[in-house]
Amino acid sequence: MDSINITGARILFEIPVTDSFVIKITQAQVNSWIVILFLFILCKVLTRNLKVKPESKRQLIAEFIVEKATNLVNENMGQKFIGFTPFITALMALSACSSLLSVFGMYSPTADLNTILGWSIIVFILITYYKMKGGFFKYLKGFTQPIAVLTPFNIISEIATPVSMTFRHFGNICSGSVIMTLVYAALASASALVFGWLPGALAKFPFFQVGIPLVLSAYFDMFGGILQAFIFAMLTMLYISSAAEED
Amino acid sequence: MGKFLDLVSIDPVHIIITIINLMILFFIFKKFLFKPVQEIFDKRQQEIDKIYSDAQSAHDAAQKDKTEYSEKISAADEEAQQIVKKAAEKAERISDNIISEANSKASAMLKKADEDIAQERKKAVNEIKNEISSISVDIAQKVIEREINENDQKDLIDSFIDKIGDDNG
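Here the protein sequences come in this chain order: L and C.
If you're matching positions, the first sequence starts at 7 in my numbering and goes up one per residue.
If you're matching positions, the second sequence starts at 15 in my numbering and goes up one per residue.
Chain C on its own, in the form it takes in the complex (with noise of 0.2 angstroms):
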């Protein structure tokens, strides 16, 4: 059956054999199970610092574009508004320039019509008066084979000439 150590016995070759046995898995633990996932913790710390870090910056350069962008919105706002005003008044002065001009076109026009009525009227008025002139010749042919003296002639004359001028005046 072999031989046994009795339920309670100590032999210091057994203390120091397990002394050793202990330090030697304490230093595998330290080494084998610690050392590597301590490491592994490390890295990643590590990496999470430079996701923060990352972020941070990301987040900054973020914050820089969006001032840097609403300067630029509210000065493209304002320019705009510019470029809409400074349009409205040139369309007014435009639209100025077109009234007088057609103002004074128009005006022109109107001027021109009344001298050429003026001058139509003219024309006609001669035109009468030689009609007249010319009726009034055979008026006074027709008077003359009348034989009317020279008084009642100047009074028909006179009086048709009146009368052609009441109509015309």
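Bound-form chain L, shown alone (with noise of 0.2 angstroms):
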């Protein structure tokens, strides 16, 4: 067995810009856009000849998931913001579907810092804009609240909702990914020892691999992202919607 090399997503090529500045494009893109697009075609088909009238499992399946987004923005924001419904939607579903990549064995987007970390700048930014929303110096004023002192407290836990949204998301993800590797790794050395002996190819065959990570997969590429997309979209409907309680 070769030694265990744990990385980041693979990198498929590379775009020179200029001879300092080159843009990689990796599996994390890739496979975002796979998942998009997967997700386009599934728009597409759950909303194909809608009816007033029911009248295919399609149509009820795209009223549910319409239905229950709506219903939990609503819970979770206000009929204020029911404009955010297909946002939370978006982030939950791209969330989900690129950390279920891992069970077919590609790789998850999720597992890369980068796309956490752009959807936390996102939701930053909403968090921001909706404190800003009752005036630029009310905003920095916040900051001083309770006491001045207190300011650069303020500041770092301002800076913290992101990163821990970031750090929290993509740590879980990661490692899951890592665990798996590991394990992977270990049955195919354990199977290599025990069944060793076998003639010719089946020595190397690990059989090891075979039903007994389907638990553990089970738990960190579906259950954790599931319940992962699931978190990261309910801090970011608390967090906007209380950035936006606050003025």
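Be aware that a few hints might be false.
[What the hints assert, rightly or not] Below, simulated DMTMM-like cross-link-like pairs (lysine to aspartate or glutamate); rule was C-alpha separation at most 25 angstroms, straight line:
id : chain 1 : residue 1 : chain 2 : residue 2
1  : L       : Lys30     : C       : Asp25
2  : C       : Lys45     : L       : Glu81
3  : C       : Lys64     : L       : Glu61
[What the hints assert, rightly or not] Looking from chain L toward chain C, a few residues come up when the C-beta cut is under 8 angstroms (computed):
id : residue
4  : Ile10
5  : Asn55
6  : Leu56
7  : Leu119
8  : Asn120
9  : Gly124
10 : Ile128
11 : Ile153
12 : Val155
Keep in mind that the hints were calculated from the coordinates and are not lab data.
For every residue, glycine included, the Cβ atom is placed at its ideal position computed from N, Cα and C.
Put the complex together from the two separate chains, hints included.
See the structure below:
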């Protein structure tokens, strides 16, 4: 068995813009696009030929998704923010589907820090936007509350919000994939040890990799991925609505 | 084996791509999932509202018809009662007429019968009187044959006539 390599996304190709600035297109970006394409096709398929009296299961699924998402946003953010529903749904779907890619042995874009960081930055911008809605100076003044001495801590806590969201999500998914890599490697070595005496190619076949990782995969790839998508979306909703409530 | 990124690496280009990706997906969801489904919801709501208002108007119309019909039915009832009453009155009147007519006819008939009887009686009496007078003439002839006096004859005739008058009186 080769040494175990725990790395980030595979760089598929590089686009040199200048000598020092090279755009690297990695597996994370390509897989994100695959997910987006899949979700786009799903949307088109689900909303094809909608009827006032639903006839197809597709339409029922589409209506179910829209209704549940709207209710979720309505419960957590209130009627005022109902326009956020497609955004929250997109965030949740992108996160969950990206994480679920690892079920098919593909690289999860959510195991790449940049992906989650991008989302968190959007959330941070939205939070800041709603805080500034009451006025820019009021927003700045908010950092000196309740007393001026706390200003640095307030700034840190403000920045900590997107950072903690990023690392919570990234850490969960990434650690899952690291553990799965380790488990696969360990099972391969274990089966090499136990079945090494078998003749020919059978000796190298990793028998233990069949079935055993399923339980772990179900947790790290499916449960963990969906849970983190849900948590990320919930936190987004809570932060944005509480930011708007402050003014 | 190709090149890999580090496990934890930050690349601004990737972050920007991610943000763009999320925005694209947001617009996809908004345009291709939420908008059409929301339109269907709205249409359904409109249809439901229409059905409700239709049902309400149909109900109102039915209510109107019902009151109209019950009014009509009560009017018809009244009319029927009046007709029956009229018919009964008319029948009574006709029967009274018939009875009175019958009575008058009967009394006329009785009267006529009485008159007839009286006439018949008179006739009979006259006939009998004639008979008697002829008989008395016969008797008188016989008596005369036996030569009775005038007094005897007169007594005899008187007693005869008295007897006949008593019998037929």
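Okay, which hints does this one fail, numbers in order?
4, 5, 11, 12
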